[in-house]
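Each chain, written out:
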Amino acid sequence: MESLSALTIHEAAIHLKKKKISSCELTRSVLDRIAKLEDKIGAYITVAAESAIAQAKSADERISRGDITGMTGIPIAVKDLICTRGISTTCGSKILEHFNPPYDATVIRKLKESGAVILGKLNMDEFAMGSSTEYSAFKITRNPWDQSCIPGGSSGGAAAAVSADMCLGALGSDTGGSIRQPASHCGVVGMKPTYGRVSRYGLVAFASSLDQIGPITKCVRDNAILMSTIAGHDPYDSTSVPMAVPDFCRSLDEDLKGLVIGVPKEYESSEGLDPEVSSAFRAAVRTLEAMGAECVEISLPHTAYAVAAYYVIAPSEASSNLARYDGVKYGFRDQEAKDLLKMYKRSRSLGFGAEVKRRIIIGTYSLSSGYYDAYYKKASQVRTLIIEDYRKAFQMCRIILSPVAPTPAFKIGEKVEDPLTMYLSDVFTLSANLAGIPGISIPCGFSTQGLPIGLQFLGNHFEEEEVLRAAYHFEKASEFHLKKPKI
Amino acid sequence: MKISKDEVLRVAELARLELKQDEVMTLSEKIGKVLEYIALLNQVDTTGIFPTTHAIDLNNAFREDKEGEHLEQKDVFSNAPESENGHFAVPKIIKI
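Listed in order, the protein sequences are those of chains A and B. The opening residue of the first sequence carries number 1 in the numbering used here; numbering runs sequentially from there. The opening residue of the second sequence carries number 1001 in the numbering used here; numbering runs sequentially from there.
Pulled out of the complex, with its shape left as it was, chain A reads as follows (with noise of 0.2 Å):
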């Protein structure tokens, strides 16, 4: 029964309308491929097969009554910071270890309305804050590809379940590329979406004005049936868009004769750049093309300053969001302190890693008297400058193309000391929080060491289905999607 967990959401979907399979079935395939391999790949934080086995029940009546969705019965996997009512929410942090949230998060509502499986809860770096999964405060994920490298982060565990097929698709996060870079090194597609489109309620704050949640998949359609399943307005969610949700789905076979795709120049020659990247890249350019698109070169002339921008914004937002963790309503509490302060102080940094604490500092300090103009509001002025480089490149094209990540995925243990290149590594993915653009990341090959490449479509606000559509042609093109870790 394993082979089942090696289903595709819509492939798995036609054959749960046809009575062919059950949810049963299906979630018990893949709560058995977990079994089998979370050792290896310590994906999970927390695996609900209780839950998951009751809701697979229910939704096989649902689908006997002829009630069913493209999401009913389908067993999906859920990156630990996203609040699911009864099942623990820990956000890899000791911090909210015990953490058991009393509400479902909005997108958690929306799957389990869709009559989705819930299988539990995956492994990422504390509070989101990191590029390799190694900040988790419970365990190291390994990447399916080579076990002696990171799956890339903070949606790591995520990324390596997709791709091991011990879940058939995923719900990240993204404030700097955390759903994007772990697509791109596990070899599987992630989707960051415009800022606004998908609701914030119940997803634990890391850099409130960055965040947003998307779906990670083994293909582009299972990424527009996800999407087309989480988007939309929220009133418990301020930020996010009063604006209809399109059928993500609807215009994915349209073909690319005349799209115009913009090659930012600056990229090219971006330092660190591995060769194998740059020629899968290259290749990819070369592949849309040959599908009809027009690929021209385009300028953003701030890309440079794009990483240090986002390293004072996002701890700055994230010392803010996380002053709420205080031993008071929820999370860890030191018991031996005698008086508040003590309490305070004693709870924060018993509660917190090594890597959150450097942000908080250096947000902090950003913020703090004096330091104020010469940080925050500099950077947020050079965020300025960033939006207005992709609102003058969107003139010029409909999508922009990009490398992921400067490199495959690299050795667990190789950048964990040295804070400032694994922020580096960010370089594709993190201006696209800053100016609040959808971006996908899809395989476009392989690295010598048989490590996946990925590449970006980024796309201008709410064109989330002009990203799919690109995307899914050249994935059609390309079939990298296809190949399987041996694990």
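Errors might be hidden in some of the hints.
[What the hints assert, rightly or not] Which residues of chain A face chain B? A few of them, derived with a C-beta cut under 8 Å, are:
id	residue
1	N100
2	G196
3	E465
[To be verified] Chain B regions said to be covered by chain A (calculated; three or more residues, Cβ under 8 Å):
id	segment
4	1011-1024
5	1027-1038
6	1048-1056
7	1073-1083
8	1086-1094
It should be emphasised that the hints constitute simulated quantities derived from the structure, not laboratory data. Predicted model only: the values in this text are computed from it and were never measured. No residue lacks a Cβ here, since even glycine has one placed at the ideal position from N, Cα and C.
Once you've looked at the hints, dock chain B against the given chain A.
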């Protein structure tokens, strides 16, 4: 740009973090490197540029002021390290 150990301690106090000696050492070194890199921003002329805090135009999200569904009190307190009679309890802060 470096950040001194005293500065790290000052900021840690603001952030309500209690750091060990060796943490102060590594933080001052590693954050120093990050701040040095961030100084790159000084190369950009931002005169007259408006700072962006949100990439998407946002309007105030108003709603009717009416009763909605809310968490039950027991659910609100279900994760509290300590609670008493419908309140969050903390160590004593007033000396009698």
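Tested hints:
1. N100: OK, holds: A:N100 within 8 Å of chain B, min 6 Å.
2. G196: holds (5 Å)
3. E465: Constraint on A:E465 not satisfied, violated at 17 Å.
4. 1011-1024: It holds: at least three residues are needed, and the segment 1011-1024 of chain B offers 9 whose Cβ sits within less than 8 Å of chain A.
5. 1027-1038: holds (count 8)
6. 1048-1056: holds (count 8)
7. 1073-1083: holds (count 7)
8. 1086-1094: Contact hint for the segment 1086-1094 of chain B vs chain A: holds, 5 residues under 8 Å.
Hint violations for this structure: number 3 only, all remaining hints satisfied.
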